[in-house]
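Trainee: Start from the sequences, fold in the hints, and give me the full structure.
Once you know that position 170 of the sequence shown is 170 in the UniProt record's numbering, the rest is easy, because the numbers rise by one and skip nothing.
Be careful, since some hints might not be right.
What the hints assert, rightly or not - Straight-line alpha carbon distances no greater than 27 Å define the calculated DSS-like cross-link-like pairs of lysine-lysine that follow:
id : residue 1 : residue 2
1  : K98       : K118
2  : K129      : K164
3  : K133      : K159
Everything labelled a hint here was simulated from the structure, so no lab data went into it.
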Amino acid sequence: MFNLNEFVFYPGYGVCIVESISKKTIGSAEMSFYNIRVLENNAKIMIPVKNESEVGLRLLIKENEIQKVFDVLEEKSEKKPFAKKESWNKRFNGYNIKLCSSCLFEVAEVLRDLYTLKCQKELSFAEKKMFEKAKHLITKEISTVMNRSETYVEEKIKKIFIKKTEISENLKLNA
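Mentor: And the structure:
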């Protein structure tokens, strides 16, 4: 159970705050609801307390887990995102599943893989939107946990990607 004024992550929406917990009668049953507000756009959402795990509502990552997110971004992609065998729609669906999961590490995998793809070719409109959404979800959650600006976190991510690009270019030159 989440507490009032606690930050939570809601898949697809990102960082939210629990503003209240209310009871409503639905049919003949009384149900408890989290009334959460999405920090990004102030949208208000009601989520049944009993469904919190089914919808992926979770606490934000802990500060000691932030480095693990950066580590995922630094890793080499497990698969080649532009592999001939994998169709764009299969890749798109896989990314979408990860983006809508409640696992920030999976969102980081999407950002990493799309960055790798971006280095190989121009991203499609849909891929660009996914890239931006993944970057935003990561940036917002980490900046909230660290109590730092989103710009600070974006710069850290940018530095990771610049370093990856430099390493990749050096490997090509030495091959």
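Trainee: So, for every hint listed, does it hold in this structure?
Mentor: So, going through the hints one by one against the coordinates:
As the CA atoms of K98 and K118 are separated by approximately 18 Å, the hinted pair is consistent with the 27 Å bound. The suggested pairing of K129 with K164 holds, with an alpha-carbon distance near 22 Å, which does not exceed 27 Å. The suggested pairing of K133 with K159 holds, with an alpha-carbon distance near 19 Å, which does not exceed 27 Å.
Violated hints for the displayed structure: none, as all numbered hints are satisfied.
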